[in-house]
Every structure is written in C-alpha cells, then in structure tokens.
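Here the protein sequences line up with chains C and H, keeping their order. Letter by letter, the first sequence follows residues 0 to 283 of numbering that gives the first Met the number 0. Letter by letter, the second sequence follows residues 0 to 161 of numbering that gives the first Met the number 0.
Because the hints were derived from the structure by calculation, they are not lab data. Treat the hints with care, as some may be off.
What the hints assert, rightly or not - Part of the chain C face toward chain H, derived, beta carbon under 7 Å:
(1) 0
(2) 4
(3) 107
(4) 120
To be verified - Subject to a maximum C-alpha distance of 25 Å in a straight line, what follows is the list of computed PhoX-like cross-link-like pairs (lysine-lysine):
(5) 85(H) <-> 17(H)
(6) 54(C) <-> 85(H)
(7) 54(C) <-> 17(H)
(8) 1(C) <-> 17(H)
What the hints assert, rightly or not - Non-contacting residues of chain C with respect to chain H, defined by C-beta distances greater than 10 Å in every case (computed):
(9) 49
(10) 51
(11) 86
(12) 149
(13) 222
(14) 229
Backbone N, C-alpha and C fix where the C-beta goes; we use that ideal spot for every residue, glycine too.
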Amino acid sequence: MKAAGFGYHRPETMAELLTLLADLPDARIIAGGQSLMPMMNFRVAMPQHLVDIEKIDGLDSINLRDGTLQIGAMVRQADALASPVIKKNCPVLADAIAYIGHQQTRNRGTVGGSLCHLDPASEIPLVCALLDAQLYIASRRGTRMMNFRDFADAPLTTSLAEDEILTRIDLPICDPDTRHGFGEYARRSGDFAVVAVATHLRFAGETITEARMAFAGLGAIQARADRLEMFATSQKLSPALIDKLAQEAAQMPAESDLHHDADYKRHLAACLLREVLERILRHG
Amino acid sequence: MDERIITIEVNGKQYRLKVPVRENLADFLRHRLHLTGTHTGCEHGVCGSCTILLDSRSVRSCLILAVQCDGRSVRTVESLADAAGKLDPLQDAFSRHHALQCGFCTPGVLMTLVELRENADPSEINEDMIREKLSGNLCRCTGYQGMVDAALETLSRPDKRL
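Starting from the given sequences, assemble the full structure and let the hints guide the process.
Structure below.
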C-alpha cells in the first residue's frame, strides 16, 4: 500500500510545466491526488515522473465572463462547493459536488482532476456532459478548446495528449428560464454513485423549450439521453410527462457491473429521474 | 531514490528533514517525527483514520506526499491536549460520551471535528452537519451516536442539541 518510486517535479510557472510535460517520459500530472494517490498506493498506477501543478498561479480562479462560468482546473471541490458565484450561476454543479466523496477529499480534490480522471460514475464529468462544457487545453504547441464529448474517450481515458494539460472548464450560466436537478444513488454517503442523473430544462411559460438529461453509471461514459430529451422538448412538464420519461428511462441501455446488474441500474435511473423532475414540478 | 529536503511546521514546531519523494505524509509523521497519533488504516483515502489538518483544512494524510507539504503547516491529534495532558474540550466530551471504544478512528474523527469547530458558525452546527462531516471517518466499533453527542455538546449552541 505504498507508492512505487518516481521522480517528483514541482514547476512554478506554466512554461516550466509545459516543457516538463513535453520532455519527460511517462509523466503524470498530480492535481489534488485524491484519485491518483490511491491508484499509486495500490500500484495500479506507477508513473516514472509525477508533475505537481499546485504551485502554478492562475489555475484556481472562478470567473464570470461573456455569459460563461470559467472554472480553473485546480479549483478545489470544497471551494467550488462554497463558491457563491457557482451556486448562483451553475447550481447543478454545486449540487453535484456535494455528492463527491467527503469534506477531507473535497478539500484536496480538484474540478479538473476529477474530469481528467474520468471515472464513469463521477459527478463533475456528468455536469460537463449535461451542459456541453468547453474545455481549455494547453501544451507547448499552443492552446486548444474542445467539447466534453470529444474529451471523454473511454472510462478513465481522455483524449489529452501526453504533453497536454486541462487548464479551464467553461460552462454556460443558467438564467431565470432554466431549472435544473441532480440526483444520485450510492450505497453509502460519499461512495461512488451507482447511478446519477442531472437535468437542465429551459421553459417558455410552462412549456419545455430545451431539455437536457444526462446520466452517470449506466454506460462507459457520462452522456446525455437524446431519446428522453426528444420526448420532453416542446411538452408541458406534468405528472403524465414524468411518467412517460421514467418509463423511457427504464428502457435505456445500461451495463452491468460486479455489484449491480443492468436492470437494477435502469430502475435506479428511472426513480432518480422521476424524483428530480417531480422536485422541479413542485417547486417551479 | 529521489529525495528532497522539506521545511514543515508540525503542531507549531519547525522541522527541516530529508524525505524520499514517495513517502506520504502519514508515514512521515509516524516514522520520522514519531507522532503515532495519526493512524493509517486503509491507505487509500477511504477510512479517514489518517485525517490531519493541512493549513487548517482536513485532509487524508495517506493521499498527500510529505514533499508536497514543504513550506506548509500541519496539525495532528497530538496538538489537542496541552503539555500537562489536559484534554481539549472535544476530547473530554468524547470520553464522557463514550465516543470511542478501540480508539483507532478517533484521531481522524477529532481532527475532522476541529476543522468544523474552526470554520462553522456554532449557531449553524446541528446533528445533520456533524453527521455529514463524520461520513468521511469510518468507525467500526462504537458507532457514531456518542461522537455526535460529544460534538453537539462541544460545538453547537444549546438550542441545536438533541
């Protein structure tokens, strides 16, 4: 239960960091270390080099600019959870983060770290899938932007190249016409989700003009449920619609895992979606 | 083996020591500083028995390297009682409320509650909040009721108690 040996690097500037990433063979970035350190202690991960990005300035700010919420990759989950800016402008993210681990892990764990680890049951990638987050990627070759869908390749696998780093996550801000919901089932408080759901609905009067619903835990990657979204668009949110959506959710493709079979996960997805939508219906 | 010299403040005392970069903070505290109050249980961030305060925030000391704590300040359970052995009010309440049996999880539990004491408004501390904070600390013998009672008595205002 001890990490194998590695070379340790703690660059102080972005330029220094990008050079290290370009030059070092088999380097892993450590942000908060709440996923990577357990993997290293188990020796599931044995990188030759560890590049610690804690000292680099400018990666931990939360800003509102041009109608977009910009979250630095090194923002601690606990700070994101406590941020009035996030609570006001992207409440679904704040709700989601409350489900991540515990106070002690949220104090170290970062928003960007969770995204790059890309566990299929995790909450931050779910919100990024829901809201089509734009991700900023830097390397010595330059910076680029990509959609979460292009970023998330496979479970625990992003499309980042070895010399690249995620620096910022951009999310659209919610406005008075949108309602959101988040629900999760885990076997114990703070455990990995078995299934989680996030929704984002835009209304014109009582009619849903834009419906977004995304799930974690069902498949390999957090993803929106196109079919459910189609059913909800242009409809009035009503008990009848919620019944229909829950029935549809119970038919979604799902993958069994060691502890939960696909039918059980579909059942959870339907129950959670119903709960979340009924909450929106009740509270307006 | 890659090693670094680090400067670290632990329980108000400054240390300057050479450490292998792969050594985690829990092992550093226990094996180099002989502060064995911090316990290592699961060593992968689940059980919470190694919880300490790093710059006044609770963290798992098994999930952070000693080298990452260079220039930072750590508090462990040894910082709670005074030099004469007089217990911190939380520890005293734990004793009176039978909040521990084997005591293995206790150091982590106490440090989690110290963070709560220092950061939350006593008028807002209630049973739900205490239970939420303690969800990151596994106790396998006493159960949590005694801890919750002790924490409520020490940290919350009388009207929030059971």
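Identify every previously stated hint that the structure contradicts and give their numbers, smallest first. 4, 5, 6, 9 and 10
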